[in-house]
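Heads up: the sequence lines are chains P and F, in that order. Position one of the first sequence corresponds to residue 776 (this note's numbering), numbered consecutively onward. Position one of the second sequence corresponds to residue 776 (this note's numbering), numbered consecutively onward.
Hints in this document: simulated from the structure, not taken from any laboratory. Mixed in with the good hints there might be a few duds.
One copy or two, either will do: identical chains are not told apart, so a pair holds if it fits within one copy or between any two.
Said to hold, decoys possible - Calculated lysine-lysine pairs in the DSSO-like style (CA-CA distance at most 27 Å, straight line):
id: 1; residue 1: K1018; residue 2: K972
id: 2; residue 1: K972; residue 2: K845
id: 3; residue 1: K777; residue 2: K845
id: 4; residue 1: K888; residue 2: K1003
id: 5; residue 1: K777; residue 2: K863
There are 2 protein chains.
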Amino acid sequence: MKQKIGFIGLGSLGTPIALNLLESGYPLVVYNRTLSKTAPLKEKGAEVSQSVAALAAQCEVVLSIVSDDKALRLICEGEGGLLSHLPKGSLHISLSTILPRTAEDLAASHGEKKLQYLAAPVFGRPEAAVVRKLNYVISGEGSARTRATPILKDSGGMNVFDYGDMITAANTVKLCGNFLIASALEAIGESIQLARKSGIDPHQMWGMFTQTLFNNPVYAGYSQIILKEQFEPAAFSMKLGLKDINLVLQQATSADQNMPLASLIHQKMDQLVRDGKENIDWAAFSLEGS
Amino acid sequence: MKQKIGFIGLGSLGTPIALNLLESGYPLVVYNRTLSKTAPLKEKGAEVSQSVAALAAQCEVVLSIVSDDKALRLICEGEGGLLSHLPKGSLHISLSTILPRTAEDLAASHGEKKLQYLAAPVFGRPEAAVVRKLNYVISGEGSARTRATPILKDSGGMNVFDYGDMITAANTVKLCGNFLIASALEAIGESIQLARKSGIDPHQMWGMFTQTLFNNPVYAGYSQIILKEQFEPAAFSMKLGLKDINLVLQQATSADQNMPLASLIHQKMDQLVRDGKENIDWAAFSLEGS
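The task is simple: from the sequences and hints, build the whole structure.
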């Protein structure tokens, strides 16, 4: 029998990851702020917990994937949070995309309570989770990395990339990755508009590019979404995209770096969110303002 | 015996393409403004012509690949140019990266002289030409496309993508492609700087990205160049990069489109050329200004 695992955060990516763990044979206790989202897990045999505290009290390993730094701090440091309720020696594997500095703070506050905090952000859309092709990036204490690796593989991780001891490393890499994807979106969008306004069929052009210069899944998938302007339902929302690009710019500021392309992307996304487009797919920003 | 072909422009890409034609069994007459560059072709059996006019007089098919719109107009419309000297019915296959509007003008002026002009810009670095992995994009009259396709394949074209009758199509697609590569460079450069300034090893990060999210030759090749700052000798110079991005912006203007990312790239490249860096690899712009 595998060890019991606690799982917090059943969003579009959290749900298939939690289902993978169940399928891999881990007894699972799940918690989600909106209770209705626990139904698919309950159906497959997970125990549903009514509070983080109740979940924490019975798990030595907890995975969490929540929407932002604030939500993560709340489930850790809030009243009834993990820090007050996890048994000593427990491991918190944190999958959320957050500021590296937040990971550093949380590693420290976990340490004070004799708990381990591992930064383990994840690359992959929900569809990739279902077919177990996620890429995890981890950093933190050596023993936490060793402990977490087989669990992350069982949760759908095709790869677990180890960035060593420095707790901030994994979240920095994740922010770089999301920035690179957003940059590809902007480039795809501008190229589609230029082709279209020049009287060229952008579908034919992108059929060619994804077969030659840009034959990889990011370009193949997103060029189709942008060509067809299929922005609803969102696979990844503008609101979450803006959150991530905000984190990129915050990290750039603390590293004393100019990122003109990140700033450009931020400006376009921010405008769309102000215009009430927060729930459409983030790829839509690439067609704005042209 | 295959038909005799004229070849104008023995730069870093023109030379391996011309060598492929020779190797494929075409008798070749070559012309280059700087005579010394004809030596490798002469050595392999090509006839060297002292003028465009002398070359044109003996060929029914001419390929040209020159540095810019002005150079191309000169070899076509100048005194002693192709328009005055090619036999009626000849085909000019034009590989240069130029403004779509220039292709339109040249197709018209060739037509007036009962000559065919085919737009056939090419994707691929010199190394790709050597191993016959170029990608051609063609547009123009149907009979010109039919006539040129086997020759382009024999010149190292792994693929010849046919964009139909509209003469401007191929050069528009080529500009979109170069814009997309330049955009990838900017994104790679900003991500490397962010990782480095955040204390992360950017080599490890890019080893991961080129194995996962960005597993394709553009990202694999250029991330290495930017990581190592190997900008000399240039595989593709800043001067040529700036020329291409200028064409992208000119095309955007005539298509009444804003391209904020193209403008950002232009600004950075332009500054470097003003600073005398015109001969280093164009990838260097991505690290500037951060």
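Give the relationship of K777 and K863 under a CA distance limit of 27 Å: within one copy only, between copies only, both, or neither. within (20 Å within a copy, 81 Å between copies)
State whether the alpha carbon distance between K972 and K845 is at most 27 Å within one copy, between copies, both, or neither. between (43 Å within a copy, 25 Å between copies)
Is it within, between, both or neither when you check K1018 against K972 at 27 Å Cα-Cα? between (32 Å within a copy, 21 Å between copies)
Given identical chains, is K888 near K1003, meaning Cα to Cα at most 27 Å, within a copy, between copies, both, or neither? neither (51 Å within a copy, 43 Å between copies)
I want to check one pair: K777 and K845. Are their C-alpha atoms no more than 27 Å apart within a copy, between two copies, both, or neither? neither (32 Å within a copy, 72 Å between copies)
Taken one by one, the earlier hints fail for this structure at numbers 3 and 4, listed in ascending order.
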